[in-house]
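Participant: Here are the chains, one letter per residue:
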Amino acid sequence: MILTKVDYFENKNKPNFWQIKNVILGQHNIFVGLNATGKSRLLNVINNLAKILTQKIRRNGNWDLEFLKNKGSKVVYKYELRINNLIIDCEKIYENGTLILDREKEKGTIFSKKTNETEEYSPPIDELTINIRRDLEHYPFLEDIINWAKELLGYTFSGVQTNLITVPMKPEGLLTDLNAVPYLLLESMNDENLINKIVEDLNEIGYSVEKVGARKQSVGANLGEVSLVSIKELDLKCTTEQGVMSQGMFRALSLIVILEHIVKHKISSTIVIDDLGEGLDFERSSKLTRLLFERTKGTNIQLIVTSNDRFLINAVDLKNINFLKRQGPNVEALNYSNNKELFDKFILTGLNNFDFLSTKLDQLKN
Amino acid sequence: MKKIAFFVEGHTEKIFLEYFLTEYLAPTNYTIDTYLLVGDNFKTISKGIDYENPSYYFYIYTVGNDERVSSAILERADNLMIKEGYDAIIGIRDLFPNNRTLLNQIQNSFESLFSDKEFSHQIFLFVSIMEVEAWFLADYNLFLEPPVEITIELINETLNIDIVSDNIETYRNPTTVLDRIMRLGGGSYSKHQTEVHSICSRLDYCFLCFDVTFYSRIQAFNNFFNVFNTILEDTA
Chain A
59 MILTKVDYFE NKNKPNFWQI KNVILGQHNI FVGLNATGKS RLLNVINNLA
109 KILTQKIRRN GNWDLEFLKN KGSKVVYKYE LRINNLIIDC EKIYENGTLI
159 LDREKEKGTI FSKKTNETEE YSPPIDELTI NIRRDLEHYP FLEDIINWAK
209 ELLGYTFSGV QTNLITVPMK PEGLLTDLNA VPYLLLESMN DENLINKIVE
259 DLNEIGYSVE KVGARKQSVG ANLGEVSLVS IKELDLKCTT EQGVMSQGMF
309 RALSLIVILE HIVKHKISST IVIDDLGEGL DFERSSKLTR LLFERTKGTN
359 IQLIVTSNDR FLINAVDLKN INFLKRQGPN VEALNYSNNK ELFDKFILTG
409 LNNFDFLSTK LDQLKN
Chain B
18 MKKIAFFVEG HTEKIFLEYF LTEYLAPTNY TIDTYLLVGD NFKTISKGID
68 YENPSYYFYI YTVGNDERVS SAILERADNL MIKEGYDAII GIRDLFPNNR
118 TLLNQIQNSF ESLFSDKEFS HQIFLFVSIM EVEAWFLADY NLFLEPPVEI
168 TIELINETLN IDIVSDNIET YRNPTTVLDR IMRLGGGSYS KHQTEVHSIC
218 SRLDYCFLCF DVTFYSRIQA FNNFFNVFNT ILEDTA
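Protein chains in written order, with our numbering: chain A, 59 to 424; chain B, 18 to 253.
If we strip away everything but chain A, and leave its shape as in the complex, we get:
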């Protein structure tokens, strides 16, 4: 299932009101905007929702979302959620325009796919219907949404550091944190095809790498062992250990390991990456983005990333980009779907995608 539309606001009628409107998504998405426009905040809106739905956190917020069940089907879910003071004020789900869940505070109705009847129910005021009413046959739409939330993986590319290691406490932790990648790689070392693919990808984005590896290493008497990665570059006689690896290379390697793992195991997933390309040189940031797009093409993986890297932005199709513009607390997304005429005119100028942020846009509108 992929997320196709996002509108969100918080703190209505308060000084800290903030909203974002008109975000339209496809399979591959890049959010671009000046600093402090709301790129990372938008990703938090999406990440937080997934964490709320999977009961990892409790937060207030007001989401209006649309999902496409899968590429082949035409099932569209519209999901409205209002949480204020950690109370569920409103929850609505529409399937292809038909209201199938309608809940306000402690009263609600829900449509059963099994009985074809709408039933009344009384949820606790602070619990989501999606968490208390699960049933595969009666309410498969709730499963679709909860599965989307479970499969969402959120990363901050710039947060990956060679000297920062997350030790995964649970098996699923291998995928949820880029800093846990040394452990994922260690578990994958017997999978020759996967390792070869990782090496191939690294070469594709411009690193001349012969081998990648991971091994347990003691980090002190009281700290025990941690997993660390190493690579063998073609033009060096020795291996490059994680501690001396460049941040850019380590970040790219970490993301590629996760990517190839997800692709190989056909995991349907939404991958959310903040600051993609940060720390990489201009050529590799473009190539990494192209690689991500290429490797996920035709899969059930949705990519949602933010970047301000002009070379990365110039390397992708303009139709994959949402440009964020902020006026005070109001953030608006400009994209091909909601501004087709403007985008078409811009394409004809022959300018780089990055130049969309320039003031010349106003001239084009006229």
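Among the hints, erroneous ones may be present.
Some chain A residues close to chain B (C-beta under 7 Å, calculated; not the full set) [unchecked claim]:
{"id": "1", "residue": "Ser131"}
{"id": "2", "residue": "Phe340"}
{"id": "3", "residue": "Leu406"}
{"id": "4", "residue": "Gly408"}
{"id": "5", "residue": "Leu409"}
{"id": "6", "residue": "Asn410"}
{"id": "7", "residue": "Asp413"}
A short list of chain B residues far from chain A (calculated; beta carbon distances all over 10 Å) [unchecked claim]:
{"id": "8", "residue": "Met18"}
{"id": "9", "residue": "Leu53"}
{"id": "10", "residue": "Gly65"}
{"id": "11", "residue": "Thr187"}
{"id": "12", "residue": "Ile248"}
Listed below are the simulated SDA-like cross-link pairs for lysine to any residue, each with C-alpha atoms no more than 20 Å apart in a straight line [as the list claims (entries may be wrong)]:
{"id": "13", "chain 1": "B", "residue 1": "Lys208", "chain 2": "B", "residue 2": "Arg197"}
{"id": "14", "chain 1": "A", "residue 1": "Lys403", "chain 2": "B", "residue 2": "Ser132"}
{"id": "15", "chain 1": "A", "residue 1": "Lys377", "chain 2": "B", "residue 2": "Asn115"}
{"id": "16", "chain 1": "A", "residue 1": "Lys377", "chain 2": "B", "residue 2": "Pro114"}
{"id": "17", "chain 1": "A", "residue 1": "Lys403", "chain 2": "B", "residue 2": "Asp133"}
{"id": "18", "chain 1": "A", "residue 1": "Lys403", "chain 2": "B", "residue 2": "Gln122"}
{"id": "19", "chain 1": "A", "residue 1": "Lys403", "chain 2": "B", "residue 2": "Lys208"}
{"id": "20", "chain 1": "A", "residue 1": "Lys398", "chain 2": "B", "residue 2": "Gln122"}
{"id": "21", "chain 1": "A", "residue 1": "Lys377", "chain 2": "B", "residue 2": "Phe113"}
{"id": "22", "chain 1": "A", "residue 1": "Lys403", "chain 2": "B", "residue 2": "Gln124"}
{"id": "23", "chain 1": "A", "residue 1": "Lys403", "chain 2": "B", "residue 2": "Asn116"}
{"id": "24", "chain 1": "A", "residue 1": "Lys79", "chain 2": "A", "residue 2": "Lys163"}
{"id": "25", "chain 1": "A", "residue 1": "Lys324", "chain 2": "A", "residue 2": "Lys377"}
{"id": "26", "chain 1": "A", "residue 1": "Lys403", "chain 2": "B", "residue 2": "Thr118"}
{"id": "27", "chain 1": "A", "residue 1": "Lys403", "chain 2": "B", "residue 2": "Arg117"}
{"id": "28", "chain 1": "A", "residue 1": "Lys403", "chain 2": "B", "residue 2": "Glu128"}
{"id": "29", "chain 1": "A", "residue 1": "Lys377", "chain 2": "B", "residue 2": "Asp133"}
{"id": "30", "chain 1": "B", "residue 1": "Lys60", "chain 2": "A", "residue 2": "Phe340"}
{"id": "31", "chain 1": "A", "residue 1": "Lys403", "chain 2": "B", "residue 2": "Ser129"}
{"id": "32", "chain 1": "A", "residue 1": "Lys72", "chain 2": "A", "residue 2": "Lys129"}
{"id": "33", "chain 1": "A", "residue 1": "Lys129", "chain 2": "A", "residue 2": "Thr354"}
{"id": "34", "chain 1": "A", "residue 1": "Lys163", "chain 2": "A", "residue 2": "Thr176"}
{"id": "35", "chain 1": "A", "residue 1": "Lys398", "chain 2": "B", "residue 2": "Pro114"}
{"id": "36", "chain 1": "A", "residue 1": "Lys398", "chain 2": "B", "residue 2": "Asn115"}
{"id": "37", "chain 1": "A", "residue 1": "Lys398", "chain 2": "B", "residue 2": "Thr118"}
{"id": "38", "chain 1": "A", "residue 1": "Lys403", "chain 2": "B", "residue 2": "Asn125"}
{"id": "39", "chain 1": "A", "residue 1": "Lys398", "chain 2": "B", "residue 2": "Asn125"}
{"id": "40", "chain 1": "A", "residue 1": "Lys403", "chain 2": "B", "residue 2": "Lys60"}
Simulated from the structure, these hints should not be mistaken for laboratory data.
Where a beta carbon is used, it is the ideal one built from N, C-alpha and C, also for glycine.
Fit chain B to the given chain A structure using the hints.
Facilitator: Chain B alone, transformed into the frame defined by chain A:
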């Protein structure tokens, strides 16, 4: 001494321009410097002959990669025209992969980017239809001589095109047509630099520039050639 900057999409246009300028302007004293966009900056690729007082300075900026000619010009136009005192900036790009019906809109959109500049009349964009290889195809004599050495009849019969009288600009993908013709003579064409050099070194520029029969067959080159001459005359 006059200064003219060219901004081109890739090495194909750059190599073509180098040969064209050399053939067309010799024996005038001129110098050609070439640059390649690497990241945010243009790196010097070659420096021309250092004449004491050349009539013309040509600067060829190859944009390449994912960068666009329009953006490269827009970013540097103020500096080149106002501070550096250039006399003209000429952009050359392919129409491909756009539809040919968009040609006028592409030209108009480009011009609108500079409409508020005092030097707007000194900035030009020429769009080859559909690719700059169409300009190579116009000189069909290229294929009759070594190393290709094939006949017009063979091209006509095998590829079902009339390379002598067709309007070359109607070809959707001139690069493919060029490759298919080269293959008839045992070669190939895939935009590789050595292939571009091989072709551009053998093009008959006199034929290309002055044979009026070409004018309706490669209108884009004709437009470029006429404007280029006007620039030279205006600034000489």
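Participant: So, for every hint listed, does it hold in this structure?
Facilitator: Verification of the supplied hints:
1. Ser131: Constraint on A:Ser131 not satisfied, violated at 31 Å.
2. Phe340: Cβ of A:Phe340 sits 5 Å from chain B, so the hint holds.
3. Leu406: With a closest approach of 4 Å, the A:Leu406 hint holds.
4. Gly408: Since the shortest Cβ distance to chain B is 4 Å, the answer is holds.
5. Leu409: Since chain B brings a Cβ to about 5 Å from A:Leu409, closer than 7 Å, the hint holds.
6. Asn410: 4 Å, holds
7. Asp413: 5 Å, holds
8. Met18: Fine: 30 Å to the nearest Cβ keeps B:Met18 off the interface.
9. Leu53: Nearest chain A Cβ is 13 Å from B:Leu53, so the label holds.
10. Gly65: Holds: least Cβ distance 28 Å, greater than 10 Å.
11. Thr187: The assertion about B:Thr187 holds, with a minimum of 22 Å to chain A.
12. Ile248: 21 Å, holds
13. B:Lys208 - B:Arg197: 13 Å, holds
14. A:Lys403 - B:Ser132: Holds. A:Lys403 to B:Ser132 sits at ~16 Å (cutoff 20 Å).
15. A:Lys377 - B:Asn115: Cα-Cα ~15 Å, so holds.
16. A:Lys377 - B:Pro114: Given pair A:Lys377, B:Pro114 holds - Cα atoms ~16 Å apart, limit 20 Å.
17. A:Lys403 - B:Asp133: At roughly 18 Å apart (the allowed maximum being 20 Å), B:Asp133 and A:Lys403 satisfy the hint.
18. A:Lys403 - B:Gln122: Between A:Lys403 and B:Gln122 the Cα gap is close to 8 Å, so the pair holds against 20 Å.
19. A:Lys403 - B:Lys208: The hint is violated at about 30 Å.
20. A:Lys398 - B:Gln122: 16 Å, holds
21. A:Lys377 - B:Phe113: 18 Å, holds
22. A:Lys403 - B:Gln124: 12 Å, holds
23. A:Lys403 - B:Asn116: Distance ~14 Å between A:Lys403 and B:Asn116 Cα, so the pair holds.
24. A:Lys79 - A:Lys163: 25 Å, violated
25. A:Lys324 - A:Lys377: 26 Å, violated
26. A:Lys403 - B:Thr118: Holds, at roughly 14 Å.
27. A:Lys403 - B:Arg117: 15 Å, holds
28. A:Lys403 - B:Glu128: 13 Å, holds
29. A:Lys377 - B:Asp133: 28 Å, violated
30. B:Lys60 - A:Phe340: Holds: B:Lys60 and A:Phe340 sit about 15 Å apart, inside 20 Å.
31. A:Lys403 - B:Ser129: 11 Å, holds
32. A:Lys72 - A:Lys129: 40 Å, violated
33. A:Lys129 - A:Thr354: Holds, at roughly 14 Å.
34. A:Lys163 - A:Thr176: Holds, at roughly 18 Å.
35. A:Lys398 - B:Pro114: 19 Å, holds
36. A:Lys398 - B:Asn115: Status holds; Cα separation ~16 Å.
37. A:Lys398 - B:Thr118: With Cα atoms ~18 Å apart, A:Lys398 and B:Thr118 stay inside 20 Å; holds.
38. A:Lys403 - B:Asn125: With Cα atoms ~10 Å apart, A:Lys403 and B:Asn125 stay inside 20 Å; holds.
39. A:Lys398 - B:Asn125: Status holds; Cα separation ~18 Å.
40. A:Lys403 - B:Lys60: Distance of about 31 Å is beyond 20 Å: violated.
Checked against the numbered hints above, the structure breaks hints 1, 19, 24, 25, 29, 32 and 40 and satisfies the rest.
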